[in-house]
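Colleague: Listed below are the residues making up each chain.
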Amino acid sequence: MFTGKTDEELIDLIGDKDHDAFTRLVRKHTDKCYSIAYRMVFSKNDAEDIVQEAFLKIWDKPWQWDKNKKTKFTTWFYAVILNLCVDLNRKRKGVQVYGHAELPDTRTPVEDLIEKTQIQKFVDRAIKTLPERQEIALSLCFYENISNKEAAEIMGINLKTIQSLVFRAKVNLREKIMSLPDNKGNTK
Amino acid sequence: MTKYEFENYLLIYGTQFETWPEEIRETGKGLCHSSPEFTSKFEEIKKFEKALQVRSFEPPEGNLSERIVAAAKQKRRPFSFGLLGSEFFGLFLSPGQRVATVTALIVFGFFVGYSEFSFLQSEEIDLSLFLYEGLDGSLR
Numbered sequence: 001m002f003t004g005k006t007d008e009e010l011i012d013l014i015g016d017k018d019h020d021a022f023t024r025l026v027r028k029h030t031d032k033c034y035s036i037a038y039r040m041v042f043s044k045n046d047a048e049d050i051v052q053e054a055f056l057k058i059w060d061k062p063w064q065w066d067k068n069k070k071t072k073f074t075t076w077f078y079a080v081i082l083n084l085c086v087d088l089n090r091k092r093k094g095v096q097v098y099g100h101a102e103l104p105d106t107r108t109p110v111e112d113l114i115e116k117t118q119i120q121k122f123v124d125r126a127i128k129t130l131p132e133r134q135e136i137a138l139s140l141c142f143y144e145n146i147s148n149k150e151a152a153e154i155m156g157i158n159l160k161t162i163q164s165l166v167f168r169a170k171v172n173l174r175e176k177i178m179s180l181p182d183n184k185g186n187t188k
Numbered sequence: 001m002t003k004y005e006f007e008n009y010l011l012i013y014g015t016q017f018e019t020w021p022e023e024i025r026e027t028g029k030g031l032c033h034s035s036p037e038f039t040s041k042f043e044e045i046k047k048f049e050k051a052l053q054v055r056s057f058e059p060p061e062g063n064l065s066e067r068i069v070a071a072a073k074q075k076r077r078p079f080s081f082g083l084l085g086s087e088f089f090g091l092f093l094s095p096g097q098r099v100a101t102v103t104a105l106i107v108f109g110f111f112v113g114y115s116e117f118s119f120l121q122s123e124e125i126d127l128s129l130f131l132y133e134g135l136d137g138s139l140r
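These protein sequences, in sequence, are chains A and B.
With the first letter of the first sequence counted as 1, position 17 gets the number 17 in my numbering; the numbers rise by one all the way through.
With the first letter of the second sequence counted as 1, position 81 gets the number 81 in my numbering; the numbers rise by one all the way through.
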């Protein structure tokens with residue numbers, strides 16, 4: 001019944017308290033929204049809570065998205081998700097979830113260094129040391145494959161700025177990550 | 001395109017040339033295989049991207065979308081006159097127009113309250129109606 005409906009049409013129906021339209025919208029966007037949230041908060045439970053909170057906001061007040069502004073629903077909604085993530089991260093700042101990214105101890109045998117979980121943790125930590133805006137830009141443009149143009153709209157900045165943020169994020173990370181030894185003892 | 005520019009574009013747009021802007025896409029593709037220098041730079045950035053992809057990711061627990069839908073079903077939208085007013089205004093007006101309308105209503109309210117329109121003024125009561133003329137001709 002709702003397969004042909006655009007997000008804008010679904011929001012209109014949600015405004016009339018159409019729960020089926022809301023169901024359709026949720027099923028359509030949950031995976032992407034969860035992915036964006038997870039990459040920012042690094043916690044499954046927190047990411048789920050954020051996504052649920054954002055969707056319930058739409059259910060309660062669908063008019064919060066103003067279609068007259070000619071912004072895509074997803075552009076607006078991803079910004080809502082990101083703002084919730086940023087708020088949570090700022091609240092948690094006092095609690096060190098990820099410490100300063102350091103190179104693994106080189107006295108540790110090489111075999112230990114190559115374990116995927118260790119490398120994963122290292123990459124995660126390195127990303128967490130990025131300035132907030134660089135982290136967001138990298139998440140959107142690299143991990144979520146959102147175009148630079150749409151990512152700029154989501155963040156409320158211009159195209160040149162988002163490109164600069166992505167560039168600086170990758171430059172910052174490249175130095176740290178590429179110096180990690182591989183299983184032959186060579187740097188990546 | 002210099003090697004420096006090529007590297008910068010690889011970092012900004014990635015190693016998938018389909019994501020590059022149209023005006024530099026073909027140039028980038030061509031340079032990629034044109035010389036060992038450009039090829040090695042391309043391979044280096046590709047390796048870096050592969051390392052970045054190692055980042056951890058946990059899928060959500062159970063069926064997240066169905067849980068959200070169920071949570072919304074349990075929620076009742078609270079009724080309030082404010083909500084009713086918002087919905088009414090929202091039907092016809094943009095946010096800017098809503099602010100202007102509310103401001104105009106407030107100003108009109110003050111105007112009505114403090115204006116000197118004759119039809120709004122209460123009639124003055126003639127107190128002399130309550131007085132009577134005494135024998136000496138004075139009003140009491």
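Quick caveat, the hints were computed from the structure, so don't treat them as lab data.
A virtual CB, placed ideally from N, CA and C, is assigned to each residue, including glycine.
Don't take each hint at face value.
[To be verified] Where chain B lies over chain A, by a calculated footprint (3+ residues, C-beta under 8 Å): (1) 19-29; (2) 54-60; (3) 70-77; (4) 80-91; (5) 122-128.
Colleague: Taking the earlier hints as the rules, which of them does this structure contradict?
Modeller: 3, 4
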